[in-house]
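Asker: Chains as they are written, first to last, in my numbering: chain A, 1017 to 1423; chain B, 684 to 892.
For the record, the hints were derived by calculation from the structure and aren't laboratory data. Please read all numbers here as calculations on a predicted model, not as lab measurements. Please note: incorrect hints may appear among the correct ones.
As the list claims (entries may be wrong) - When the alpha-carbon atoms are kept at most 25 angstroms apart in a straight line, the in silico BS3-like pairs for lysine-lysine are as follows:
| no. | chain 1 | residue 1 | chain 2 | residue 2 |
| --- | --- | --- | --- | --- |
| 1 | A | K1331 | B | K687 |
| 2 | B | K870 | B | K889 |
| 3 | A | K1396 | B | K870 |
If you want the building blocks of each chain, they are given just below.
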Amino acid sequence: MMTDKERMLRAARGEWADWLPWVPRIDLWHNSNARRGTLPEKYPRNASLDEIATDIGGGFHKIVPEFLEIRTPEDNIDRGLGIYRLQGMAYRPELIGVDREVKTDGDATTVTYHTPVGSVSCRILYTDEMRRAGASITWIDEHLIKEPKDYRTVGYIFRHIKVIPDYDNYRAYQRKVSDRGFAAAFANLSAGPMHHIMKEFLDATAFYLEMHDHAKEMRGLCEEMEPYFDQVFRVLADSPAEVVFSGANFDEMITYPPFFRDHIMPDLQKLADLLHPRGKLLLCHCDGENKGLLDLIPESGMDIAEALCPQPMTKVTISEVKKAFRGKVTIFGGVPSVALMEESMPDAEFETFIRGLLNEIAPGDRFILGISDTTPPDAKFERLLRITEMVREWGELPMKGEAIFSV
Amino acid sequence: MIDKVQFLEPLLAGNTETVVKRTKEALEAGILPESVIKDGLIPAMGVVGEKFRNCEIYIPEVLLAARSMHGAMAVLKPLLARSEGTLAGLVVIGTVKGDLHDIGKNLVGMMMEGGGFEVVDLGIDVSVERFVEAVRTHKPAFVAMSALLTTTMKEMKQTILALEKAGLRGQVRVIVGGAPVTERFAKEIGADGFAPDATSVVAMLKSFA
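So here's chain A without its partners, still in its complex pose (with noise of 0.2 angstroms):
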């Protein structure tokens, strides 16, 4: 009997495993549900995630940082410029020359940044509501990039930070998950620096047409970004972790297909080169519309398209994904949140829908089973554990898509 961890390895690298690997993400969820009171009856009101992920008896999502459960303020202070000191993560980037100024007003923190050559601030915002949402990260209500000037005071912080491995911390994480799962290694939430930019500086409508604007700005700051991005990239390959995660809301409208080939590819392809021949691999973070996007996953050197989600909450189908990966890339998702909750998809819907997925996924190579992307606050608890006794039952590899609607 193969661990959770092993069976995830082994379906990420394109191997057999003994079973259908089944690690659903609950941690939206279990913020919600926990700070709420409404956790299952028969947990304490203070049961961990782990505790509740083990009762499910799937794997442990170990993909997303906890962006919020925050050792010290410095953790996630500048998540305005997109980089993290967070517990678990494999490389510490320290800002140099840069005087930070830290403002709190109730629910927001504005930050701002003094360099030789300018400053920048934004503001980030924590609600109540989003507590009571379980969101799992702050948002950004100010960015940073106000007007042309900034691109290059933006440039000149990204230019001079230093970044440190901290692979002790990465094995403490390492050491928690054990056996259940892979804990995979933060790069950043974007690809590369043009992917940051849209990601981090500009608001989603400005970045485009900011494109048109400034052009020469945005490659200057791109050029003045890419030894951050080199420097992650060295330090993630010589890591001690078996996976890595670099990337994420591929979509084919906000990452549209051109932008993906020229500006998120590249970058993939550069960390995969280096992955690849220390035996590790590259995760990306899947969860939007990746239709127009199927025939360039294959060719990013991505190995894991995490958080994949089909119909009905997207275009594709996973028979579709299938064929467009070509067995070069290892599916990880593919129930869609929706399909947790009652009022968009009934009882008896469920069962059929979860059967005919299993039937698609069979015979079950290059696949690992989760949540698109995660399970929402006001999911119906019980689907969780009935997709486990639905693995349980068909999920032996190879998997006999037949036998799944025979009972």
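Dock chain B against the given chain A, drawing on the hints supplied.
Answerer: What follows is chain B alone, placed relative to chain A:
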């Protein structure tokens, strides 16, 4: 005489200056503002929408085109004040309470404007009360609600219930969209329409005509 051709190229290039210049030239030539919109700008934006749907262009081009059209509308709108019925209808749009995502909502709003609808954008984190108040104030033909999170999509149902309670539900069609929103969910909460993506929203609105 005006047609979409003279606007299409500068719209696709996001060249607001040229779009505005051609709008003014058309007016100076005696073309009615209604005609500039109906025969020039809207058909040109229709081509933009079609190219977007066919993946010939992507979100930056659509946003640039929408910004350029805004430039032209700023010139035309004051001249339209006395003429009603030029635009296809009024839509009040917003991202529901607790949800701070706006790119999808913005894109949908721009597609609506490109399709000839007038849009009142309430922004993000819009409470039930603000939607109801906006319906009372603006008397729109449609209310469009967006949500990206499974935690916030339930606000859509609350808004529909509040519109019913306020006696306004019969006066307005409610349409919903966003990543976790499915057609089934839309029906379940009593919405009139569901748009799976930004490219399909104008056709859906026009299907109610």
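Asker: Now look at each hint and say whether the structure bears it out.
Answerer: Here is what the structure says about each hint:
no. : hint               : in the structure
1   : A:K1331 <-> B:K687 : 32 angstroms, violated
2   : B:K870 <-> B:K889  : 19 angstroms, holds
3   : A:K1396 <-> B:K870 : 20 angstroms, holds
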